[in-house]
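From first to last, the protein sequence lines stand for chains A and B. Counting in numbering that gives the first Met the number 0, the first sequence runs without a single skipped number right up to 289 at its last residue. Counting in numbering that gives the first Met the number 0, the second sequence runs without a single skipped number right up to 390 at its last residue.
Misleading hints may appear alongside valid ones.
[Unchecked claim] Label pairs and their calculated CB-CB ranges:
{"hint": "1", "chain 1": "B", "residue 1": "I112", "chain 2": "A", "residue 2": "R88", "range": "37 to 45 Å"}
{"hint": "2", "chain 1": "B", "residue 1": "P149", "chain 2": "A", "residue 2": "D171", "range": "52 to 60 Å"}
{"hint": "3", "chain 1": "B", "residue 1": "L95", "chain 2": "A", "residue 2": "P114", "range": "23 to 31 Å"}
{"hint": "4", "chain 1": "A", "residue 1": "V275", "chain 2": "B", "residue 2": "A86", "range": "18 to 26 Å"}
{"hint": "5", "chain 1": "A", "residue 1": "I280", "chain 2": "B", "residue 2": "K154", "range": "45 to 53 Å"}
{"hint": "6", "chain 1": "A", "residue 1": "F73", "chain 2": "B", "residue 2": "M259", "range": "38 to 46 Å"}
FYI, nobody ran anything at the bench for these hints, they're computed from the structure. A virtual CB, placed ideally from N, CA and C, is assigned to each residue, including glycine.
Each chain, letter by letter, is given below.
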Amino acid sequence: MNILPFLLSGISVGGQYALIAIGYTLVYGILRLINFAHGDVFMAAGLMMIYISATLPLQAAVPLVLILTVVLGFLIERVAYKPLRTAPRMSVMISAIGVSYLLQNTATYLTGGQPMNYPKLPLISETVSIAGNNVTVVTIVTPFLVLALVVALVQLINHTKVGMAMRAVAKDFETSQLMGIKINNVISMTFVIGSALAAIGSMLYFTNYTYITPTAGAMPGLRAFVAAVFGGIGSIPGAVIGAFLIGICENLIKATPYTVFSDAFTFALLIVILVVKPTGIFGEKVTDKV
Amino acid sequence: MLQQKQKKTGRLIALAGCLLLLVLVVVLENTLNPQGMFFTVLKKSAVYTLVAVSMNLLNGFTGLFSLGQAGFMLLGAYTYAIFTLPAASKDSVYYLYGGSAIKFSLTDLFQGIFGSEGAGGMVALWLTVIVALILAGLVAALFSWLIGLPVLRLKSDYLAIATLGFAEIIRAIFTWDVLGPVTNGSTMIQGFPTFASFNIRLANGETFYLSSFVPVFFATVCVVIVVLLIHSTYGRAFKAIRDDEVAAEAMGINLAKHKMISFVISSFFAGVGGALFAMYINLAQARNYTTTLTYELLLIVVLGGIGSITGSCVGTFLYVAASEWWLRGLDEGTFLGISSPLFRTGFRMVVFSAVIMVVVLFFRKGIMGGRELPDLFRRRRRPAGKEARGK
């Protein structure tokens, strides 16, 4: 059997997961919160694209979707997570689940529960032939785009003032606050970056699918989270490598008769990683303070 | 001495209350319209209450944040369905896989002993369902023990995501077509005894309705068991672990053992609840037990108050009644006499999830906080003592 198309789509899907996983890993690194709503922000970006591209030309729709997704991510943080800054971690997580529930229900309401057709994006939706296999351009573009974005993000984090603030906050919440870092701005910044990447990810991801349902974001979101844990939560290169690995494995499993286990594999990997090496492959060792 | 006496009266009152509730359900169902919305809500909330209480035992009383409830419910539902499906309907249900691999059926076993008609049939039905429910719980408990061995070592959100992953794995396994002869793949299993099977057809052609009584009865029995557990030594150990693991360990509580007990018992009741849920929706199918179900249950527990059994019961009823019944108008165009083009399908859930967000953000203690029903009566009598304990 020819596994090349599966491998190619694995790399492509992996890249798309990587873009979501970065959002998880950044937020977890700073707030110690699994942002369950992140997958639904990803879905919301897809829905926005459908509605906006129906009225506006694509050149205007793409930046508008980016901006609106960023605003959505920012608002979620301000409304649902900021009031709970001093609350136990579980309360924030429950709030995240609540936001996810709200976004899914709102999406169901707006779409009337119908699957919505995703628009064909010119250039990246076209098909090309590689070694006799028909693949869409997006499959080839994704890994390069992801790498470019990741390099840019790493530069941002390592060489700018806001990046330095993010690293400081991730290291120690209280101390960095005492050092005069405006913690709320830094947290908002993480959500802005995460949402923007999720918006780009959603454009790449959904072009390969014909339609979006209100729950379309949940599974990719969870898979991306697993990728983030796998790579060592808080580490960007880790999240990217984890995402590529999970994307490739998932698609290779789809080439075998065990297709139903493609998601199960991801979660089995998660449980194994958590039990064997909870800090992930690139994670820093944390010591519990009693 | 006095305290013991008070405890005894308290128990009697509680028992009388439960009996009264059950009698009331039977009387109401046979006097009001049994097809009414109230009874649908009642059945669904009885089922959800049981699972919410089981989740509360784990999340609220032991402090283990688990999101695997849907997986254990699925195990319970399938166990119940597979073992109660009469042999006669197996071929038609499993037609895709050329019949079921499990020839055994509890329904046939008990009907063989007691007959399938009249009083004997009712005895056979009750025994079938009770045995199958216990079996459903045991299977869920067994799997929870297996999964608990590795994952209970994890903490807070890692535990949550690992149990959530486990539920997804279980769902994938049950839809795997190789196991089709047992689980019927992704196709539904139906034709097993449901709540409506308990209705008795009287000689004069009328029906004596028991279909709401049955779920309420099973849920009440299970909730009472959980309440007794919480008031036992084990329950106090669970609460100690929740409040401070290190201190609890220093006091000589075996953490691993007690966490496992709590996890297994919670899963047992989730399994029973899953079986009841299958009876409620008349079918067992893996796609009904997704993470959305777990999230829904978690929000119910939060709504009622984490760490309050009373809260979970009240919270479930309010949640189910509001989402299924009271807010229907929001979907159908007119609500409280106001009609608006905004009110169309799905709007109810939007309003509802917004309300839940408000509760999560601003009323973090939920309806009951950590209090139980008796605390509401006690508070007025000794406010000073309550204050002192709170500090």
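Status of each hint after checking the structure:
A C-beta distance of roughly 54 Å is found between I112/B and R88/A, which places it outside the suggested range of 37 to 45 Å. The hinted window of 52 to 60 Å between P149/B and D171/A is violated, with their beta carbons roughly 31 Å apart. Judged by the Cβ atoms, the range 23 to 31 Å given for L95/B and P114/A holds: they are separated by roughly 26 Å. Distance hint check: the CB atoms of V275/A and A86/B are about 45 Å apart, inconsistent with the given range 18 to 26 Å.
A hinted range of 45 to 53 Å is violated for the C-beta pair I280/A and K154/B, which are about 20 Å apart. In this structure the hint that F73/A and M259/B lie 38 to 46 Å apart at CB holds, the actual value being about 42 Å.
Of the numbered hints listed earlier, those contradicted by the structure are 1, 2, 4 and 5.
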